[in-house]
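Asks: Below are the chains, spelled out letter by letter.
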Amino acid sequence: MSPKAVWILAEQREGKVADVSYELITRGRELANQRGTDLCAVILGDNLSDAELQTLIDRGCDRVLHASAPELRHFLPEPYDKCLQALIVKEQPEILIAAATSTGRTVMPCVAGALRAGLTADCTGLQIEADSGNLLQTRPAAGGNIMATIKTPERRPQMATVRPHSTRPAPSSTGRTGRIDRWLPPADLLKSRVRRVDFTPAAETQAIQDADVVIAVGRGFKKADNVELARKLANVLNGAVGASREAVDRGWLPYPAQVGLSGKTVSPKLYIAVGVSGTVQHLAGMQTSETIIAINSDSEAPIFNYAEIGLCGDLFTLLPMLTAKIAAAKQS
Amino acid sequence: MKIIVLIKQVPESQATRMDEATGTLIREAASSVINPLDLHAIECALLIKEAAKEKCEIICLSMGPPAATKVLREAMALGVDHGVLLSDRAFAGSDTWCTAFTLAAAVKKLGLPDLILCGERATDGETGQTGPAMGAFLDLPVISFVSSIEQIAGGWRARRMLEDGYETVEIDGPALACVLKEAAVPRLPTLQGKRLSRAKDIDVMSAQDLGVSQDDTGLKASPTRVVKIFRPSHLKKCEKLPAMDPAQAEKAVDRVVCLLKEKGLI
Ligand SMILES: Cc1cc2nc3c(=O)[nH]c(=O)nc-3n(C[C@H](O)[C@H](O)[C@H](O)COP(=O)(O)OP(=O)(O)OC[C@H]3O[C@@H](n4cnc5c(N)ncnc54)[C@H](O)[C@@H]3O)c2cc1C
Ligand SMILES: Nc1ncnc2c1ncn2[C@@H]1O[C@H](COP(=O)(O)O)[C@@H](O)[C@H]1O
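So the protein lines, in turn, are chains A and B. Position one of the first sequence corresponds to residue 1 (our numbering), numbered consecutively onward. Position one of the second sequence corresponds to residue 1 (our numbering), numbered consecutively onward.
Heads up, some of the hints might be wrong.
Unchecked claim - To spell it out: a stretch of chain A is covered by chain B in this simulated footprint if at least three of its residues, at any positions, have a beta carbon under 8 Å from a beta carbon of chain B; those stretches are: (1) 100-106; (2) 175-186; (3) 192-199.
Stated by the list, open to error - Covered stretches of chain A (chain B as the covering partner; in silico rule of three or more C-beta atoms under 8 Å from a C-beta of chain B): (4) 63-69; (5) 75-83; (6) 131-141; (7) 148-160; (8) 213-225.
In case anyone wonders, no lab produced these hints; they're calculated from the structure. Think of the CB as a built atom: it goes at the ideal place given N, C-alpha and C, for glycine as much as any other residue.
Just need the whole structure built from these sequences, with the hints factored in.
Replies: In structure tokens:
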């Protein structure tokens with residue numbers, strides 16, 4: 001008998017499957033293949049269409065399990081926790097991975113607590129251990145200064161949240177087939193002491209943790225008006241604008257843009273740090289980015305130690321020049 | 001009203017040491033501080049207390065080595081009423097499941113409060129799991145990524161920072177909230193506060209006091225095991241390009257554009 005299934009917790013926003021789910025499929029598919037078992041996506045929401053659910057199969061799942069109720073339309077801690085728990089208890093997956101998003105990082109510890117499962121946060125590497133078949137979960141800690149590999153030898157499911165952008169989304173292929181199961185949770189699992197009363201979309205068009213490219217603004221920008229220079233570069237690169245704490249404390253950018261120890265952790269494909277010195281607190285939030293480029297007038301700035309290419313010069317000359325040249329390169 | 005704030009003692013610098021044999025963090029590091037985000041949680045509690053019409057008691061709860069009394073005293077110097085330390089060899093090596101279980105057992109002993117506040121994550125382990133896992137043991141709704149919180153009739157109103165914006169939620173009855181830096185600006189201790197804090201007692205509780213058995217706390221009871229720890233090197237051999245004059249700048253920028261093309265980023 002093949003081992004129990006590998007599950008991913010897919011996410012949806014307004015009835016559409018969130019892109020981070022496809023990254024989970026990349027991870028989950030690899031693990032399921034190594035274990036010789038099925039990959040199943042669990043998705044909580046309000047009556048998602050078959051076409052939407054099918055995208056999960058097109059990208060590599062063997063099965064989709066959709067818990068559907070109006071109460072599951074937006075994340076609410078209690079119904080999400082209770083419904084996911086009920087499904088796990090019923091079907092006993094061997095592995096459950098979720099994205100390290102506001103949803104994943106909230107519901108997974110609740111579920112793991114209740115089921116006494118081991119849970120590893122914010123993993124950047126997942127592998128199956130050859131002899132035991134256990135899941136090896138590797139994650140950065142202490143601001144990225146330490147990596148730890150963790151396993152859960154006895155308890156099941158083995159649970160982990162995975163850092164967004166730490167792998168590519170699985171590509172879609174036509175002709176894949178799989179089973180879609182819809183489950184209508186009973187009312188007692190949907191009770192909530194929490195009500196969502198309001199939602200204000202972020203001012204910045206793109207959230208830094210969802211972006212492939214982040215341009216970081218530091219104190220070197222001197223004043224709020226100059227942030228426009230970073231926005232222009234972000235525009236040509238389809239990226240988002242992040243900030244050091246100095247830039248946020250001065251009110252140049254809102255707090256959701258803050259990268260670092262007391263802000264967000266991001267891992268984009270490209271991080272361009274501009275007028276940012278590279279303090280340990282800032283590095284804690286970005287040093288796992290795939291490619292780092294730094295622009296700083298101080299040739300001794302610590303950020304250069306983490307960058308692939310460093311430009312030692314004035315950002316006010318270099319940024320417009322870079323923006324123009326990238327725009328030109330994209331034209332040709 | 002009663003509020004419990006969970007505070008963790010963390011090493012002051014990021015140069016965290018680890019016990020290579022057990023793979024756990026060494027907590028006896030020389031200079032330890034309150035986990036930065038927990039200061040914001042304490043401030044939220046103090047502001048709620050100041051705004052409340054009823055009497056309000058704030059308890060800070062920490063699990064750690066005896067030296068963690070220091071951070072509890074610091075909290076009391078800020079205006080926290082009581083400090084409780086969970087300290088026992090039996091707790092050593094607890095993962096987040098066991099930590100949350102043990103802290104939850106203490107909360108039950110102290111009596112379920114109207115609000116539990118914790119930091120969104122700690123700077124050492126950086127899991128952000130302890131708070132939400134406690135919610136499971138205490139049957140409290142978990143309000144995570146909180147950027148502001150206030151008392152309303154019958155419960156709480158909180159703003160949460162999500163990936164794509166801010167959400168406002170209202171909670172009936174007690175809750176557990178994990179706060180972000182934005183939630184409040186921590187105050188500094190006053191001289192009088194420091195003096196008062198020295199006079200206050202800190203309750204120290206052991207596994208036996210809590211009635212927590214070895215099967216539920218400490219390294220052996222933890223579902224997760226650290227297999228290996230290593231220091232990654234993010235240090236790159238940086239290609240440093242002088243770009244002070246226009247000609248250099250032009251060349252340097254061309255090099256960047258070239259790299260971006262190579263990597264398929266443009
Ligand atoms: C508990 C705690 C938590 C913290 N959390 C965070 C966090 O989450 N995120 C964070 O970022 N910080 C955090 N910090 C703050 C951190 O220590 C630094 O203060 C901050 O990162 C510095 O920001 P900066 O690099 O923009 O400013 P600075 O260190 O002042 O650097 C500005 C840089 O701009 C360069 N520059 C100036 N002019 C120009 C120019 N014309 N062209 C090019 N370069 C120029 C300078 O050479 C300098 O290197 C935290 C601190 C503490 C104590
Ligand atoms: N040993 C502990 N004692 C008290 N509170 C803790 C402890 N560990 C974690 N916490 C709380 O849980 C939050 C998240 O910590 P962590 O899960 O370690 O990232 C912290 O900000 C604290 O509020």
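Asks: Would you mind marking each hint as holding or not holding in the structure?
Replies: Hint by hint, here is what the structure shows:
1. Chain B is given as covering the segment 100-106 of chain A, and this holds because 4 residues of the stretch bring a CB closer than 8 Å to a CB of that chain, at least three being needed.
2. Residues of the segment 175-186 of chain A with a Cβ under 8 Å from some Cβ of chain B number 0, which does not satisfy the need for three, so the listed coverage is violated.
3. Here the segment 192-199 of chain A counts 8 residues with a CB under 8 Å from a CB of chain B, which clears the bar of 3, and the coverage holds.
4. For the segment 63-69 of chain A, the stated coverage by chain B is not satisfied: 0 residues place a CB nearer than 8 Å to a CB of that chain, which falls below the threshold of 3.
5. Residues of the segment 75-83 of chain A with a Cβ under 8 Å from some Cβ of chain B number 3, which satisfies the need for three, so the listed coverage holds.
6. Coverage of the segment 131-141 of chain A by chain B holds. Counting CB-CB distances below 8 Å, 3 residues qualify, and the rule asks for three or more.
7. Coverage of the segment 148-160 of chain A by chain B holds in this model, with 8 residues showing a Cβ closer than 8 Å to a Cβ of that chain against a need of three.
8. Check on the segment 213-225 of chain A: 1 of its residues sit with their Cβ under 8 Å from a Cβ of chain B, so the three-residue criterion for coverage is violated.
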